[in-house]
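Line order of the protein sequences matches chains C and R. With the numbering used here applied, the first sequence covers 909 to 1353. With the numbering used here applied, the second sequence covers 909 to 1353.
Just so you know, these hints were derived from the structure itself, not from any lab. Be careful, since some hints might not be right.
If several chains are the same, the list does not tell them apart, and a pair holds so long as it fits within one copy or across any two.
Stated by the list, open to error - With a straight-line Cα cutoff of 20 Å, these simulated EDC-like cross-link-like pairs (lysine to aspartate or glutamate) come out:
1) Lys1223 to Glu1021
2) Lys1103 to Asp1115
3) Lys1016 to Glu945
4) Lys1296 to Asp1266
Number of protein chains: 2
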Amino acid sequence: MALSGFPELLPAQRFVENAVLDRLRHTFELHGFAPLETRAVEPLEQMLRKGEIDKEVYVLRRLHADPDDAADSSGLGLHFDLTVPFARYVLENAGHLEFPFRRYQIQKVWRGERPQTGRYREFTQADIDVVARDSLSFHHDVEVARVMAEALAALDFLPPLRLQINNRKLMEGFFLGLGAPDVPAVMRAVDRLDKVPSEVVGQQLVDDAGLTLEQAAQCLALAGIRSLDSSFVSSVWALGVSHPLLDEGLGELAAVIDGCAGITSERLVVEADLRIARGLDYYTGTVFETRMAGFESLGSICSGGRYDSLASDGKVTYPGVGISLGVTRLLIPLFQQGLLTASRSVPSAVLVALPDDDARAMCDTIAQTLRARGIPTEVAASPQKFGKQIRYAERRGIPYVWFPGAEGHEVKDIRSGDQVGADPATWTPPFVDLQPQVISQKVVE
Amino acid sequence: MALSGFPELLPAQRFVENAVLDRLRHTFELHGFAPLETRAVEPLEQMLRKGEIDKEVYVLRRLHADPDDAADSSGLGLHFDLTVPFARYVLENAGHLEFPFRRYQIQKVWRGERPQTGRYREFTQADIDVVARDSLSFHHDVEVARVMAEALAALDFLPPLRLQINNRKLMEGFFLGLGAPDVPAVMRAVDRLDKVPSEVVGQQLVDDAGLTLEQAAQCLALAGIRSLDSSFVSSVWALGVSHPLLDEGLGELAAVIDGCAGITSERLVVEADLRIARGLDYYTGTVFETRMAGFESLGSICSGGRYDSLASDGKVTYPGVGISLGVTRLLIPLFQQGLLTASRSVPSAVLVALPDDDARAMCDTIAQTLRARGIPTEVAASPQKFGKQIRYAERRGIPYVWFPGAEGHEVKDIRSGDQVGADPATWTPPFVDLQPQVISQKVVE
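Using the sequences plus the hints, can you model the full thing?
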């Protein structure tokens, strides 16, 4: 029985997911990010200690729990993100790690949320973070933005993406320069711009954050600024507000945007968007969000930022900067709308047809010869009529059927119908046919 | 805090694990096995319905459980293997799958066992299975044995492995031909040969299984037979027992052993071992176990067999044959004994040294040029003295340090000390240096 919130993929969809994960991993490793996995469970007190008692954690208990076993009763839960486990891992293994430590982590996480569109109880995230001991140079903010931008650009079968970057110092500096009496209240109000009309936010800025109408208008003007390059800096200056923290934030955001220059394309836009606040999170500088064209209702599918304290053991503090891509959140809607699939449902590029049962050993040898040369191959399960064997290949999307013969072999491209003589020791399909290809609706049309 | 039974790897170890998983995946896909993942949770009644109430399942509950939500109270548990979820997946998606369906599945599983040497509460398994509707030709037994044998042979950094194969029809046919009054009791006794001396098993065959002393001796003689080829057949005939089921089992086992011919090497032996029973499991024909030289106390690290009913919806039965490799079970002892590691703890093949902070943009450009050519590269975090930057590379195992210069660049192999002029647009390290390499102690010595 299917369980709501626990999506499962068909084989062709799993090929697409693997293609996404392989490309992410390739980009992350090119930039020196080390692979890491953490256990699926964390002590509950660890996960909830940041006051996040709202988190819908899944709690574990052993079916045959032993009351004398501390591990049974200590309250373990499934991790709901990859940041809390990574922080714990860094503290636990600090003596074995070299800092700054770059890692990527691609794993499932679990949240006991009420299932609804775009929300899952089990889903895969792909995180990158750079963490240092005591202090972390700002240039790692640029690095993390660039690495994720390159990774997203490599997912060229997705709808166009928009990586939106802002800086909390810029925002806080602006609000301080404006004379706001309660900066967190301003931040909370601005963070709602995604969900409510700007008039409502403006009213909240006056009512809850104690701003004048003019100050509120300035905040909304700031939030309205976007640019694909560092021209946002002069737009902010034009608002006539000044504060040292604002200058610092402007400089940082300009450096991040400039650092991503050259990656922007039709498929991936990187822009300064001064509306992005990442509200209640613990970010202290750069903040990231990402939207997918046509799927704006999903909200941000790739988010993160700079935090001054990823972890601390009381003596040493580990600042970090990171960004997390919601792989499941991204893919499931594309699968559901039929926008993304794979060119076949099996890895096999070749089906070796079986003329009769006595020919199985010969067919196996042909298959082994092709496999030894890196060509995924299967042998037909039973010696049906060749027409049936071809239809079997068609149903799975296998592009080639191999016909063994005592006088010589032939191989047929069942898409074009072309059939040619071939030797398993030398015949090679076009590179594009070796692995299942990701097909996006755009390509098909 | 480390949790007993939930092993976590350091980055260099994770490279080794990734190398194992990549090679498995490559072999499985070459043979046409499709990738599959199932959700981590199953309804408890599903997992326990085969009377396996001994299973140490982890039960889930939402921290803020809602008594009105059936999904909260239906009793979900973490899967303890990949067979039960696969069977459920096949029934659920039968209309979308083409049979015979080959899949591999590499995932974590969880068991709430009391942690002890070689036992984990969270561990990774790699399973392959072929499943069909109604009936599954015997040649898939040969296929599954061969695919896993090839996969194991490709893990050439492991200690020598021994894939031991037997056939339950052979055993049952022999016991029936012998006139055993209680075949399951004979099977249970023989299954203990791994744990207790053969005299004890002999006594049990008489006391519990109702055999005569002579019959018991015949059973022990059968269990003592092994061979690297199909010569076991004549050894069995020499015992003078005959039964149609015995003949069928002998034929099947000989076919499986012959099918694996050509894979056997110093690193991987495939043998008929007539002691292997896989006791209480639901196997009905071919059975597999695997032992690792020097780590026999781990028991079998790769097991499986043929089952007449992997799944059934009441109308249609789905027979299958499969084998499951315990990846964690295999690797953790090798890590603990320092027998296996990676040549470096980061993916980076090159560290671009940073002469001063103003040079960062130039260094980033060099790094981008190298990465665009597939060479994993990082830029030094800060402009320390070059000696310090080289030691930084050394600590991580990065083999090359790149020194940018206005007049031209140089790259140093810090293992040999060789330093040569180089252009980031053309310089290429030896292929073996591109990715971290798996190092086994044997190679180092």
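Now for the hints, and whether the structure bears them out:
1. Lys1223 to Glu1021: neither (36 Å within a copy, 36 Å between copies)
2. Lys1103 to Asp1115: Result: close within a single copy only, 18 Å intra versus 77 Å inter.
3. Lys1016 to Glu945: Classified as both; 10 Å inside a copy, 11 Å across copies.
4. Lys1296 to Asp1266: Within one copy only: 19 Å inside, 68 Å across.
Comparing the model with each earlier hint shows a violation of hint 1 alone; every other hint is respected.
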